[in-house]
Amino acid sequence: GAGVSQSPSNKVTEKGKDVELRCDPISGHTALYWYRQSLGQGLEFLIYFQGNSAPDKSGLPSDRFSAERTGGSVSTLTIQRTQQEDSAVYLCASSPDRRGNTIYFGEGSWLTVV
Amino acid sequence: AQSVTQLDSQVPVFEEAPVELRCNYSSSVSVYLFWYVQYPNQGLQLLLKYLSGSTLVKGINGFEAEFNKSQTSFHLRKPSVHISDTAEYFCAVGGSARQLTFGSGTQLTVLP
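Protein sequences appear in the order of chains A and B.
Be aware that the first sequence starts at 1, since it is given in this note's numbering, and climbs by one per residue.
Be aware that the second sequence starts at 1, since it is given in this note's numbering, and climbs by one per residue.
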């Protein structure tokens, strides 16, 4: 597609379950980012990929969070043993250049942990 | 380290009036500055960006912003707003790290 695609768009899960969120970046974009947007917290950086490697994962809030990227394209963000405080919109973004001068965002995956 | 401050969390304005959304940043290195808009239940859309060159930057939907290095500001302006401009606006700074650091957002509400 023309833009960054994320799935699922909405996910309701029970506390303690694992969830996987998927991101399809814009074709040819080498850089990929995950951000989290939650009420009262604004937009928080989670992790950055350049190709398949993650030179900056400083924003991952705990070891329950992990992400991978394969083939320099699709990325998956996994949250294990979800907690209610994980409820947020998870935004994926991609950029065609290493410096992140222009970053394009997807529509987000809305996660609700009940 | 870099940070962004958006002083106004809510800005109500009447239709066809001018608006300014304020953004101040701090960074120890050269910065790139961005404004994004988020309409309800949608992702972030890039409005405009400053990378270098002219300090007055024009973006989509009639918005513009001016980079002021001495005041470390990047305020967003529009001379005449429409109801459809109602959205949340985020200022962001990049440069010292590859990721963007976002402000807390300003909810612009355009009233009829």
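Treat the hints with care, since some could be wrong.
What the hints assert, rightly or not - Here's a subset of chain B near chain A, in silico, CB distances under 10 Å, partners left out:
#: 1; residue: PRO12
#: 2; residue: PHE14
#: 3; residue: ASN41
#: 4; residue: GLY43
#: 5; residue: LEU44
#: 6; residue: LEU46
#: 7; residue: LYS49
#: 8; residue: GLY53
#: 9; residue: GLN99
#: 10; residue: PHE102
Said to hold, decoys possible - Just a sample of chain A residues kept apart from chain B, beta carbon distances all over 12 Å, derived:
#: 11; residue: PRO8
#: 12; residue: LYS11
#: 13; residue: VAL12
#: 14; residue: LYS15
#: 15; residue: LYS17
#: 16; residue: GLU20
#: 17; residue: SER27
#: 18; residue: GLY28
#: 19; residue: LEU43
#: 20; residue: ASN52
#: 21; residue: ASP56
#: 22; residue: ASP63
#: 23; residue: PHE65
#: 24; residue: GLN80
#: 25; residue: GLU85
#: 26; residue: GLU107
What the hints contain is simulated information worked out from the structure, not anything from laboratory work.
All C-beta atoms, glycine included, are put in the ideal place defined by N, C-alpha and C.
Hints and how they fare:
Taking 10 Å as the C-beta contact cut-off toward chain A, the hint placing PRO12(B) at the interface is violated, the least distance being around 21 Å. Interface hint at PHE14(B): violated, since its Cβ lies 27 Å from the closest Cβ of chain A, which is beyond the 10 Å cut-off. Interface hint status for ASN41(B): upheld, as the beta-carbon distance to the closest one in chain A is roughly 8 Å, under 10 Å. A distance limit of 10 Å between C-beta atoms decides the matter here; for GLY43(B) the minimum to chain A is near 4 Å, and the interface restraint holds.
Nearest Cβ of chain A to the Cβ of LEU44(B): about 4 Å, under the 10 Å cut. The hint holds. Taking 10 Å as the C-beta cut-off, the interface hint given for LEU46(B) holds, the closest approach to chain A being about 7 Å. A hinted interface residue such as LYS49(B) counts as satisfied when its beta carbon comes closer than 10 Å to some beta carbon of chain A; here the least separation is about 7 Å, so the hint holds. For the restraint placing GLY53(B) at the interface with chain A, the shortest Cβ-Cβ distance is roughly 13 Å, beyond the 10 Å limit, so the hint is violated.
Annotation: GLN99(B) was flagged as interfacial toward chain A, and the flag holds, the nearest CB pair being 4 Å apart, inside 10 Å. Look at PHE102(B): its Cβ gets to within about 4 Å of chain A, closer than 10 Å, so that hint holds up. Consistency note on PRO8(A): stated as away from chain B, and its beta-carbon is indeed over 12 Å from all of that chain's, at 14 Å minimum. The claim that LYS11(A) lies off the interface holds: its Cβ sits roughly 15 Å from the closest Cβ of chain B, which is beyond the 12 Å cut-off.
The beta carbon of VAL12(A) is kept farther than 12 Å from every beta carbon of chain B, the shortest such distance being approximately 16 Å. Even its closest Cβ contact with chain B, about 25 Å, leaves LYS15(A) beyond 12 Å, as expected for a residue assigned away from the interface. Against chain B, the non-interface label of LYS17(A) holds: every CB pair exceeds 12 Å, the least being about 24 Å. With 12 Å as the threshold on Cβ separation, the claim that GLU20(A) sits away from chain B holds: the shortest Cβ distance comes to roughly 19 Å.
At roughly 18 Å from the closest C-beta of chain B, the C-beta of SER27(A) stays outside 12 Å, upholding its exclusion from the interface. No Cβ of chain B comes within 12 Å of the Cβ of GLY28(A); the nearest lies about 18 Å off, and the non-interface call holds. Taking the minimum C-beta to C-beta distance to chain B, about 4 Å, the non-interface status of LEU43(A) is violated against the 12 Å cut. Annotated as non-interface, ASN52(A) keeps its C-beta farther than 12 Å from every C-beta of chain B; the closest such distance is 16 Å.
With a closest Cβ-Cβ approach of about 7 Å to chain B, ASP56(A) is found to fall inside the 12 Å limit, against its non-interface label. Non-interface call for ASP63(A) relative to chain B: holds, since the shortest CB-CB distance, roughly 20 Å, exceeds 12 Å. The claim that PHE65(A) is not at the interface with chain B holds, since no C-beta of that chain comes within 12 Å of its own (minimum 15 Å). Listed as a non-interface residue, GLN80(A) keeps its Cβ farther than 12 Å from every Cβ of chain B; the least gap is roughly 23 Å.
Chain B leaves GLU85(A) outside its interface by the beta-carbon criterion, the shortest separation being 18 Å against a cut-off of 12 Å. Here GLU107(A) does not stay apart from chain B, with its beta-carbon only about 4 Å from theirs, under the 12 Å limit.
Violated hints, listed in ascending order, are 1, 2, 8, 19, 21 and 26; each of the other numbered hints is respected by the structure.
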